[in-house]
Amino acid sequence: MTLREVADLLNAEVISGKDYLDEDLEFAGASDLMSDVLAFGRPGIILLTGLSNTQSVRTADIIEARAIVYVRGRKPSQEGIELAEKSRMPILSTEFLMYKACGLLYGRGLRAIGDL
Amino acid sequence: MFHIKGADFGKAGCVSLEIKDILHDLGVDLSIVRRAAIAAYEAEMNVVMYADKGEMILRLNPDIIRITIEDMGPGIKDIELAMQEGYSTATDQMREMGFGAGMGLPNIKKNADLFKLKSRVGQGTSYDIVFHLNPKEQT
Chain H
1 MTLREVADLL NAEVISGKDY LDEDLEFAGA SDLMSDVLAF GRPGIILLTG
51 LSNTQSVRTA DIIEARAIVY VRGRKPSQEG IELAEKSRMP ILSTEFLMYK
101 ACGLLYGRGL RAIGDL
Chain C
1 MFHIKGADFG KAGCVSLEIK DILHDLGVDL SIVRRAAIAA YEAEMNVVMY
51 ADKGEMILRL NPDIIRITIE DMGPGIKDIE LAMQEGYSTA TDQMREMGFG
101 AGMGLPNIKK NADLFKLKSR VGQGTSYDIV FHLNPKEQT
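One line per chain: the protein sequences are H and C, in this order.
Position 110 (the first sequence) corresponds to 110 in this note's numbering; numbering is contiguous.
Position 2 (the second sequence) corresponds to 2 in this note's numbering; numbering is contiguous.
Derived from the structure by calculation, the hints contain no laboratory data.
Be careful, since some hints might not be right.
[Unchecked claim] No farther apart than 25 angstroms at their CA atoms in a straight line, the calculated lysine to aspartate or glutamate pairs in the DMTMM-like style are these:
| # | chain 1 | residue 1 | chain 2 | residue 2 |
| --- | --- | --- | --- | --- |
| 1 | H | Lys-86 | C | Asp-78 |
| 2 | C | Lys-118 | C | Asp-78 |
| 3 | H | Lys-86 | C | Asp-128 |
| 4 | H | Lys-100 | H | Glu-5 |
| 5 | H | Lys-75 | H | Asp-115 |
| 6 | C | Lys-77 | C | Asp-8 |
| 7 | H | Lys-100 | C | Asp-29 |
| 8 | C | Lys-109 | H | Asp-32 |
| 9 | C | Lys-109 | C | Glu-18 |
| 10 | C | Lys-110 | C | Asp-128 |
| 11 | H | Lys-75 | C | Glu-96 |
| 12 | C | Lys-110 | H | Glu-85 |
| 13 | H | Lys-18 | C | Asp-21 |
| 14 | C | Lys-5 | H | Asp-36 |
| 15 | C | Lys-109 | H | Asp-36 |
| 16 | C | Lys-5 | C | Asp-29 |
| 17 | C | Lys-110 | H | Glu-64 |
| 18 | C | Lys-11 | H | Glu-64 |
| 19 | C | Lys-11 | H | Glu-85 |
| 20 | C | Lys-5 | C | Glu-96 |
[As the list claims (entries may be wrong)] Among chain C residues calculated to face chain H with C-beta under 8 angstroms, some are:
| # | residue |
| --- | --- |
| 21 | Gly-10 |
| 22 | Ala-12 |
| 23 | Ile-38 |
| 24 | Tyr-41 |
| 25 | Phe-99 |
Even glycine gets a Cβ: it sits at the ideal position worked out from N, Cα and C.
With the rest of the complex left out, here is chain C (with noise of 0.2 angstroms):
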């Protein structure tokens, strides 16, 4: 488990990299690798622009790889307004920071195999990602 604090914009993007080493080190299928680091890496920065602080836990089967990442945020009012690429809520300072353009979220799904998004406004925002580590099984 790995803890993220909101608005710490100088350590953004370290638990994903984190994760990506892991990753890395147990051998898994390069492109699975960098999936998985692109799709935490944009859930990790939506905590630290928009919660107060959240957890990513990684878990890993010989089947799947299992991100989850939990926030304590203000939610997401319309999930799937957030999902459209563009849509943004993002801050001047978010942006100046090269990120809030609203491409997350669908970088996030175009990413996992599978991705689900729960939320509930004023308590937080709770995210499911998978990747198939024999893809070839899954069709």
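Excised from the complex, chain H in its bound form (with noise of 0.2 angstroms):
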């Protein structure tokens, strides 16, 4: 599953990264949490959150996580942008809440972290 097929899916703006639309995915995990996402997250991954602060950002960064989705339209500041721009950091924003962007995201065979 690419970038952009998830951007379809979940109707989704692409803030940032349109470059990287077609680069290969193979897994997806979500959190507001960003400790959950350093103590659980793995290089790679798509991740969707509802915390678009800059250390969403510099969190994904960390983990290289290859792209972040924020759900229940929430957006980056300009800050935010920016850090993801200079680290290749696609970002998408969709409407949907959580859970149904990661159900539909699981319906469409991106697996889970568990599932490696």
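Taking the hints as your guide, dock the two standalone chains into a single complex.
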């Protein structure tokens, strides 16, 4: 599944990283708690979160996430966007709530960390 | 040496990302870079959340990466308790930032090859975090 397909499925706005939409994604994880993301995240993950502060971008960068999807219409600040662009981190924003966004992606075969 | 300012949530994590870039540029194994970056980030967040200020020092030799952090903060009363997953003294502001779930210190231990934590109440806390660059030679 590509990030472009994720964006289509979630009817998401691509906020940054338009050049990376055709990269393949294998799995995803979701949390609003960056402590959990640091503890359980994996390189290459697509991170779904409702926390749109700069810490979410830095945390995604630290764990080497492939992309961030902000749910329930959340969007990063300009500083967050600049951080994401600097680290080549694509950011999407969907109006869907966390449960629906995760369910749609899982239903289309995007696996969970625990499935690996 | 990198300086960390307490309560500066806007910059929190910058030092660890810089360390990650340095290690990456030096050609360190990517899995070690990642573990070091996570441990540094957890420690940096602790300094930002709890201390007035701190210093992080990155040292490398052909065998190890050593990250040491010294903070000027309240110190930790019971280190054994603080090392338990889920134990936290975080404020609401810290939790709103996505942290303070009581996972930081255990996660540093999980990612590091060696982790020593020393603390004196009222004075501060020091972290000594080591990663072996040639893990197979350590066994």
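Results of checking the hints against the structure:
no., hint, result
1, H:Lys-86 / C:Asp-78, "violated (40 angstroms)"
2, C:Lys-118 / C:Asp-78, "holds (11 angstroms)"
3, H:Lys-86 / C:Asp-128, "violated (30 angstroms)"
4, H:Lys-100 / H:Glu-5, "holds (16 angstroms)"
5, H:Lys-75 / H:Asp-115, "violated (29 angstroms)"
6, C:Lys-77 / C:Asp-8, "holds (24 angstroms)"
7, H:Lys-100 / C:Asp-29, "violated (37 angstroms)"
8, C:Lys-109 / H:Asp-32, "holds (23 angstroms)"
9, C:Lys-109 / C:Glu-18, "holds (21 angstroms)"
10, C:Lys-110 / C:Asp-128, "holds (14 angstroms)"
11, H:Lys-75 / C:Glu-96, "holds (16 angstroms)"
12, C:Lys-110 / H:Glu-85, "violated (30 angstroms)"
13, H:Lys-18 / C:Asp-21, "holds (23 angstroms)"
14, C:Lys-5 / H:Asp-36, "holds (24 angstroms)"
15, C:Lys-109 / H:Asp-36, "holds (15 angstroms)"
16, C:Lys-5 / C:Asp-29, "violated (30 angstroms)"
17, C:Lys-110 / H:Glu-64, "holds (18 angstroms)"
18, C:Lys-11 / H:Glu-64, "holds (19 angstroms)"
19, C:Lys-11 / H:Glu-85, "holds (17 angstroms)"
20, C:Lys-5 / C:Glu-96, "holds (19 angstroms)"
21, Gly-10, "holds (7 angstroms)"
22, Ala-12, "holds (7 angstroms)"
23, Ile-38, "holds (6 angstroms)"
24, Tyr-41, "holds (5 angstroms)"
25, Phe-99, "holds (5 angstroms)"
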